[in-house]
Amino acid sequence: MVHRIAMSFNLDHKSSGEGASRALKLTKIGGRVDALKRQQDAAEGGVRVKTIDGYQGAQKLEHDHLSESDILSLEDKLKPHKRRMAAAIKAVVNEPAWERKCFRVVQGGLSVVPKLSRPVDCARLNQFRMSLPAYRHGPQIIQSVQENSVVIVCGDTGCGKTTQIPQLLYDAGIFDKHHDVICTQPRRISALSVAQRVATERGEACGDSCGYVIRFENMTSANSHIIYQTTGILLRRLHSEPDLRGVACVVVDEVHERDVETDFCLLLLRDRLRAQQEHPERYPLQLKLVVMSATVQVDALVSYFSGYNSGRDIPLITIPGTLFPVREFFLEDALRKVGASASAVPAMRLLSNQKREAERSADTPEAEGNAALYEQLKSVVFDTFDRDVEGLVPYDLVCDLIKKIHDESRSHVESILVFLPGWAAISCIANRLKRSQFARELSILMLHSSLTTAEQQRVFERPPKHYRKIVLATSIAETSITIDDIVYVIDCGLVKGTSYDPMGNTSALKATLIGKANGVQRRGRAGRCQAGVCYHLLPKAVYDDLPGFLPPEIVRSPLEEVCLQLKAIESNQKCAQVLSRAMSAPPTEAIEHAVQFLTDMGAFTVEEKMTNLGRALAALPTHPLLGKMLFTAACFGVLDTVATIAAGLSVKTPFIRPQAFEKSSAKENLLRMDNNALSDHFCVVTLFTEWIRSGRSLHYATSHFADNTTLRSLERTKQQFIRLVLQSSFAKGIVSPEAHFSRYASNRGLVRLVLLWSLYPRLATIEYRANRGGQNPQVFCWDNKAAVFSMNSVLGFYRRRDFGANSFIVYYDRMNLEAMLSVFDATAVSPIDVVLCLRQLTVRPLLDVPALFLEDTESKLAPPAYLDVNSVPNKENYAAMFFDGDKKLYVAPKKLADVLQTARDCLDFFLATCIKSVRANKFPDSLVHALAQIVGYPITGCDRPATGVASATHMDPAIQQIQLASAHLPGFARRQGQGDMDSGVSDDEAPIIGDEDDDTYLGRLTAEQKASVTAAYGDLAVFRYDGVTELLHAAKRAEDSSALQEEKMEGGEVNAAGDDEEDEEDEDEEIIVANLNLAEMQVLQNV
137 MVHRIAMSFN LDHKSSGEGA SRALKLTKIG GRVDALKRQQ DAAEGGVRVK
187 TIDGYQGAQK LEHDHLSESD ILSLEDKLKP HKRRMAAAIK AVVNEPAWER
237 KCFRVVQGGL SVVPKLSRPV DCARLNQFRM SLPAYRHGPQ IIQSVQENSV
287 VIVCGDTGCG KTTQIPQLLY DAGIFDKHHD VICTQPRRIS ALSVAQRVAT
337 ERGEACGDSC GYVIRFENMT SANSHIIYQT TGILLRRLHS EPDLRGVACV
387 VVDEVHERDV ETDFCLLLLR DRLRAQQEHP ERYPLQLKLV VMSATVQVDA
437 LVSYFSGYNS GRDIPLITIP GTLFPVREFF LEDALRKVGA SASAVPAMRL
487 LSNQKREAER SADTPEAEGN AALYEQLKSV VFDTFDRDVE GLVPYDLVCD
537 LIKKIHDESR SHVESILVFL PGWAAISCIA NRLKRSQFAR ELSILMLHSS
587 LTTAEQQRVF ERPPKHYRKI VLATSIAETS ITIDDIVYVI DCGLVKGTSY
637 DPMGNTSALK ATLIGKANGV QRRGRAGRCQ AGVCYHLLPK AVYDDLPGFL
687 PPEIVRSPLE EVCLQLKAIE SNQKCAQVLS RAMSAPPTEA IEHAVQFLTD
737 MGAFTVEEKM TNLGRALAAL PTHPLLGKML FTAACFGVLD TVATIAAGLS
787 VKTPFIRPQA FEKSSAKENL LRMDNNALSD HFCVVTLFTE WIRSGRSLHY
837 ATSHFADNTT LRSLERTKQQ FIRLVLQSSF AKGIVSPEAH FSRYASNRGL
887 VRLVLLWSLY PRLATIEYRA NRGGQNPQVF CWDNKAAVFS MNSVLGFYRR
937 RDFGANSFIV YYDRMNLEAM LSVFDATAVS PIDVVLCLRQ LTVRPLLDVP
987 ALFLEDTESK LAPPAYLDVN SVPNKENYAA MFFDGDKKLY VAPKKLADVL
1037 QTARDCLDFF LATCIKSVRA NKFPDSLVHA LAQIVGYPIT GCDRPATGVA
1087 SATHMDPAIQ QIQLASAHLP GFARRQGQGD MDSGVSDDEA PIIGDEDDDT
1137 YLGRLTAEQK ASVTAAYGDL AVFRYDGVTE LLHAAKRAED SSALQEEKME
1187 GGEVNAAGDD EEDEEDEDEE IIVANLNLAE MQVLQNV
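By our numbering, the letter at position 846 of the sequence shown is numbered 982, and the numbering carries on one by one without gaps.
Worth flagging that the hints you see were computed from the coordinates, not collected in a lab. In this text, all values refer to a predicted model and were calculated from it rather than measured experimentally.
Once the Cα atoms are required to be at most 25 Å apart in a straight line, the calculated PhoX-like pairs of lysine-lysine come out as:
(1) Lys540 / Lys601
(2) Lys186 / Lys1172
(3) Lys473 / Lys676
(4) Lys601 / Lys570
(5) Lys1030 / Lys1172
(6) Lys196 / Lys186
(7) Lys996 / Lys1023
(8) Lys540 / Lys570
(9) Lys1031 / Lys213
(10) Lys676 / Lys646
Computed Cβ-Cβ distance ranges for the label pairs, DEER-style:
(11) Ser720 / Ser545: 40 to 50 Å
(12) Ser801 / Pro1060: 39 to 49 Å
(13) Lys1172 / Glu826: 54 to 64 Å
Cβ atoms here follow ideal geometry from the backbone N, Cα and C, with glycine treated the same way.
Full structure from sequences and hints, please.
Shown next, in the form of structure tokens:
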């Protein structure tokens, strides 16, 4: 376990000694270039540095499904595609000038101005508006905005700042009436509900002078100039309109939440203020910025914008709230109220933990440098099991407290709002309440980000007569929404979020204690419209000791999406350079990991420039991996199935966690769903398809351990994804694009290929300790981090004999859970699948490969089947295939290696062609057939989509309003990476097995000519080389060295040489040597 933890910290690890003298040596690893240099230096001495902790000797490439005649047939089928590729490259070399087609996704708004469906009492609403403190501060706010570039508003909960300030600014006449006032919100429900409220106050329908824009939904018209939108929508507008034409003022609301997009938005808007201050002639419309929140770190904000207000001080306007009195109680009070004992509530343990931490801090001196790193490592090993505090949710107490309030409350119209950390806790409380004796008197509603717009809106409606409304919500209900009948708030004191470790490049999704600012916001939900009561279910001493604010999300989250958005806007600057200007700059390691990930997936070049793929993905309102997946699926004809998978990945898992007595039944259900497909993704496809066939039956969902609400959300998201593709120019020139894009939807081999191509480099290898069929596999991620399958993964139920030739998995996400790195949403794939999607593939004649790379005698892990290279007959007819450097090595007949390399080059090139031409039909159907045959799923006919967009029912009304209009959609510019380093080895020294004419031409292209091709198509696989060539040459020189050196190596000095090498490295590298406390380890194992 210690070794696994060391790997998560990106440390080399080696243990030595026995018993009490056993020690662990940890070496800090440098970047990729340093690691490659280290490998080359070791190879010069005849030593191989392992790049992954799995087996790295030669293995046989299993290809039983391909006969010799199949291979020859595939060779003939691929030749025309290779010729077309070479001809297209020649054309670009001869005429390098080409026009890049722009990619835009425009969410078209309403074609007509909506009319009010029923009259409103404008006089009463105006009277209410004038009673709000924000309205009364209107003159001061208007004057400050008129005289300054940036204004900070700190308004207490209930002051009306979100609804009043944007419309006050627009109505004041300080801006042209044709210019927009935009107010950003961190959540969809906030933007939607506030816009509807403001429209009502103005006596209009939403979409007239006031509207909203959220993902996939644009409720604005030509009349709309007060616009509420999510922060992400504003960021995407900055892609196509960095100058924000027609926008007079941007109001950034709820800044205290410090989510990633808000911090990024503040950074970009601050840059805009500086630009218009220095170059006023470029910005005839001077943008005004209003930053506001209920609880804000005022000093930090004022400091951040100092110098960006044309030399003037930043005006700060404080607005008091209008909250009714709220009585505040804590865990001790709640226990007394329901008559429960303290021992029954896990949160009471926080008091003893608090005391123990104080004593430990007093007794332990502060560590620095390597000592601090060791303490951090030790802390992770021995204390992680106590870190996730979601177990502090007192389910029984919450239900008892609701019952007590219900019995004692004067009226059923006094509703109860319960704050819980996540969907699992919400579902658990909801199910308990539904089974309670007073369930018939309750109207139980849930509020979660994954619910549909219509489902979220229900929380604002009055409950049926004689029913009490219970709202079970996450932190989504903290800010900017007012449920006006809430009188009681029960706050569990927890919030769920992502915790990111930049050193180990791993994330953990866990519940943590809230900050005091969150507690104030939650308490404020109870006093908006009348006096209320708030129960914080934390001990008062613990609540008083909470930090004022939680750390900003930007310093504790992966930054892939941020860096992608950043480069789409600030294309000429490095990501690290821009993010250093953030209000809270993220760790350098986090930025480096994000940039490398985007480079590996093809969105960035090695120079950190945007590729065509990157530009396309930055404009899509979804994670870049999912966007890549959708467009690849359209080219392959498997869109319907892949859209189901992508939707399942964008919402939470539809499978619910079974209770202890249900685990066996849940396992059997999951295995039936999988049907030996070895795929979490196909389990979701099967579940969703059968649920649709059942008529979206609640009974079907519950009997198959699935959540019906999540399945509805999945269906809605799937339809949005399909529409996104169908209404793009990717579909132009295709008759019946919906059928065409899903013509091979049932071909699992093509779906696997799309997943692997799109999710790379989220790849892992499956390893085994011994040749035992019943053994559980071990998982090593491609960056050499040990992992396990998540608890709800079907792959965790399979053994070695079940995986067969599938010795790799591709996964969507990974997170640290209980001291172990867990991979989520995984599918097992074969080496042949992997070879078609690798970033770096090196093919060499088997006879040219040094023995150093053909064996791995030191590994304790074994391949699925050992290959004795010495027993291979006619070695001259075989080739060695190196995967991504030398991480894995497979031996295959030369003819097969030639076919696979050609198929990979063509797959790569024609996907890049789809981007260049912005057409999916540029991917040859005959190539799709060849790829399907290669992966063992030959195409025998066409499918019809299982669920067409037009035939889908029970659809959110918002889907009907989606009007996506794209001028152009690109496909996939290919990947670039460290493999482009000069190796000093000519192309003649690194022969490619294949068609001599085309390969010779391509190999002789100059660097300038290759740059022209790369500019047009991206970094094509046909040009992609890696450092393994230099490794092979270094090892060959060592192998051919003098007889004296060989004698020394055979005499047992190899290890000594390796130790000397390490000793030399010790002078420059950071080393930690720590004794392992075996007694503590034994205690840990017994927990």
